[in-house]
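Chain by chain, the residues run as shown.
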Amino acid sequence: MSFNPKIVAFLCNWCSYTGADLAGTSRMKYAPNIRIIRVMCSGRVEPTFIMKSFREGADGVIILGCHPGDCHYHEGNYKCLRRYHLLKKYFKQMGLEDGRLRLEWISASEGKQFAELVDEFTHQITELGPCRIKNTVETFA
Amino acid sequence: MSENGKPKLKLAVYWGAACGGCCVSVLDVHEKLFTVVEHADLVFWPIALDIKYKDVEAMPDGHIDVTLFNGAVRNSENEHLAKLLRQKTKILVAYGSCSHMGGIPGLANFSSKEEVFRRAYFDSESTINPERIVPQPVYHAPEGDLEIPVFYNDVRSLEQVVDVDYYLPGCPPQTERLVEVFLAIVTGATLPPKGSVIGALSKSQCDECKRKKSDNKLIKEFKRPVDIIDDGETCFLEQGVICMGPATRGGCGVRCIEGNAPCRGCYGPPPDVPDPGAKMLSAIATMIDANTPEEVEKIVDTIDDPAGTFYRFSLPGSILRRKVIV
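As given, the protein sequences belong to chains A and B, one line each in that order.
Sequential numbering from 1 applies to the first sequence in this note's numbering.
Sequential numbering from 1001 applies to the second sequence in this note's numbering.
This is chain A alone, in the form it adopts within the complex (with noise of 0.2 Å):
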C-alpha cells in the first residue's frame, strides 16, 4: 500500500490563502493531501499550533506567509521567520527529521507556484515516510 501523507498548512489570510484560492479558480491541479487551515497572519502561527499537528498524525506542517516586506501587519512574517528557525533547532534535538516542517512565501498573486510547491512538499514528505511522533506518544503515555 502507497503512503498517503498528511500536511496541515497555516496560510496567511492576505497573501497565501489568496494564493491559494486563486490555484483553485484557475483549476490548477495539485496533490490532495493538504490541509489548510487560515490564520489571519503568518505571525499568528504558535509553536503549540505545530507541535499538535504532529501530534495528533500530521506527517507535514508547511506555513505560508507574505513575501518579506509584504506582510499586511508589516512584520507578521518575520516573526515566524524567527519561530520557524528556533522551532527548526528544537525539533532537531526531539528527533524529528528536518524536512517536516517548512516555511515558505506565497503572495496572491503565486497560484501557480502555490500548485507547484504542494506538489514538491507532498513528495519530500512521502519521501521521509509516515512520521513517528504520534506513535512514540501512544506508546509510553
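Bear in mind the hints are in silico, worked out from the structure with no lab data behind them.
Backbone N, C-alpha and C fix where the C-beta goes; we use that ideal spot for every residue, glycine too.
Incorrect hints may have been included.
Once the Cα atoms are required to be at most 25 Å apart in a straight line, the calculated BS3-like pairs of lysine-lysine come out as [what the hints assert, rightly or not]:
id, chain 1, residue 1, chain 2, residue 2
1, B, 1083, B, 1113
2, A, 6, B, 1083
3, A, 92, B, 1194
4, A, 89, B, 1323
5, B, 1113, B, 1006
6, B, 1323, A, 88
7, B, 1008, B, 1194
8, A, 88, B, 1217
9, B, 1217, B, 1298
10, B, 1113, A, 92
11, A, 88, B, 1083
Below, a sample of chain A positions facing chain B; criterion: calculated Cβ distance under 7 Å [said to hold, decoys possible]:
id, residue
12, 28
13, 32
14, 36
15, 46
16, 51
17, 55
18, 78
19, 93
20, 96
21, 112
22, 128
23, 132
24, 136
Assemble the complex: chain A is given as a structure, and chain B must be docked to it using the hints.
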C-alpha cells in the same frame, strides 16, 4: 483524636523519582510541624518514618486523607506506589515539579533506557565496569530470588499514571504555600475544583518581578548568565539572558530573580497554557533582532540547548513528551 475531639487528618508523603528536596521542603515547616501534627497524623513518609509498603497495602481504601506525592514515575516501584496511594487516598496532590510535569528526571526523555544505561554503567568517566554488569530486575541467588524495580524507557508525570486531584508546583514548592494549603484543608475551607494548581498564582513571574522592563526587547546574541555583568535591576531578557519568567506561573516570590539568577521555570506554565516550552520559544524567538534567514540562524545558534532550556522541568508533560524513538 486531636485536642478538640475532631478526628485527626491522615497525611502521607511519598517520593517517586525525586531528589529528596520536596520531602525536605516539607520538613522546612520548622516549628509549624507542631501545628501540623496537632491536626494530622503522618501515616506514611519514607524519609522520616519507618512504615513499610505492606503496611500501606493493608490500609482500607480511602484511608489516607491527603497524600503529597513528589517525584516522577520512572520505574515499576514508582508506578506501583502511585497506583497504591491513589487507591488509599482521598486527596492526591502532585507535589513539586517532577510529579507535576516530569521535572529534572523527565530530561531522561531525551534518551532511551539503553542510552541511559550505557552512559551510567559503561561510558561515564568515573565508571570502571570491565565485566559490563548492568542491573537486572531479578537475580537468582541460591537462597532465593532477589528483585529490584524495573527501569522504564520513559519518565512520566503523576497525572500520566493516575488520576490527580491537585497540583502544587515548584522545585521544591515554597514551604509557606504548603502551610497555607494544609491550613485550608484543616480548617475546612472550600477547596478549589479538582485538577487545580494550588499554592501558586495565575499570573506569570514577570507580574511579580521588580526588575526594570521596557518594550525594547531585541536580542542580537543570547548569553549565558556567566557572560554578562548583571546590573541587578534590568530585566534579564533585555540583557540577552534567557529567563523563563514570561511562561512561568508566579507564586514562588521570584526567589531566583531576587537572587540575581534568571527564572528556570520550575513553577510550570500559567493557566490554559498546554506547553510552557512552546510559549517560551514563541516569546523568545520574536526578540531575535534579524530579518533574514542567515542572520536569524546565527542568533538562534547562540542558544545552546533550546529543548533543555525551555523544557527543563516539563518535558514529559509537554506536547511532544520525549525524543522520537526510531
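Now for the hints, and whether the structure bears them out:
As the CA atoms of residue 1083 of chain B and residue 1113 of chain B are separated by approximately 23 Å, the hinted pair is consistent with the 25 Å bound. Only pairs whose Cα atoms come within 25 Å are accepted, and residue 6 of chain A paired with residue 1083 of chain B is rejected, the gap being roughly 37 Å. A C-alpha spacing of about 37 Å is found between residue 92 of chain A and residue 1194 of chain B, which places the hinted pair above 25 Å, so the restraint is violated. Restraint check: the Cα-Cα separation between residue 89 of chain A and residue 1323 of chain B comes to about 13 Å, which is no more than 25 Å; the hinted pair holds.
Between the alpha carbons of residue 1113 of chain B and residue 1006 of chain B the distance comes to roughly 49 Å, so the proposed pair goes past 25 Å and is violated. At most 25 Å may separate the alpha-carbon atoms for a hinted pair to count; residue 1323 of chain B and residue 88 of chain A meet this at roughly 14 Å. Restraint check: the Cα-Cα separation between residue 1008 of chain B and residue 1194 of chain B comes to about 23 Å, which is no more than 25 Å; the hinted pair holds. At most 25 Å may separate the alpha-carbon atoms for a hinted pair to count; residue 88 of chain A and residue 1217 of chain B meet this at roughly 22 Å.
For the proposed pair residue 1217 of chain B and residue 1298 of chain B, the alpha carbon gap of about 18 Å is at most 25 Å, so the pair holds. Distance restraint check for residue 1113 of chain B and residue 92 of chain A: the Cα-Cα separation of roughly 20 Å lies within the 25 Å cut-off, and the hinted pair is therefore satisfied. For a cut-off of 25 Å, the pair hint linking residue 88 of chain A to residue 1083 of chain B is broken: about 38 Å separates their Cα positions. Of the supplied interface hints, the one on residue 28 of chain A is violated, with its beta-carbon coming no nearer than about 28 Å to a beta-carbon of chain B, more than 7 Å.
With a cut of 7 Å, the hint placing residue 32 of chain A at the interface with chain B is violated, because the nearest CB-to-CB distance is about 27 Å. Look at residue 36 of chain A: its Cβ only gets to about 22 Å from chain B, farther than 7 Å, so that hint breaks. For residue 46 of chain A, the suggested interface contact is upheld, since its CB lies about 6 Å from the closest CB of chain B, less than 7 Å. Annotation: residue 51 of chain A was flagged as interfacial toward chain B, and the flag holds, the nearest CB pair being 4 Å apart, inside 7 Å.
Using the Cβ-Cβ criterion of 7 Å, the hint placing residue 55 of chain A at the interface with chain B is satisfied: the shortest such distance is roughly 5 Å. Using the Cβ-Cβ criterion of 7 Å, the hint placing residue 78 of chain A at the interface with chain B is satisfied: the shortest such distance is roughly 5 Å. A distance limit of 7 Å between C-beta atoms decides the matter here; for residue 93 of chain A the minimum to chain B is near 4 Å, and the interface restraint holds. This hint holds: residue 96 of chain A has a C-beta 6 Å from the nearest C-beta of chain B, less than the 7 Å allowed.
With its C-beta approaching chain B no nearer than about 24 Å, residue 112 of chain A sits outside the 7 Å limit, and its interface hint is violated. Taken as an interface hint, residue 128 of chain A does not check out: its beta carbon lies about 12 Å from the nearest beta carbon of chain B, beyond 7 Å. With a least beta-carbon distance of about 5 Å to chain B, the hint placing residue 132 of chain A at the interface is held under the 7 Å criterion. Because the beta carbon of residue 136 of chain A sits about 5 Å from the nearest beta carbon in chain B, less than 7 Å, this interface hint is met.
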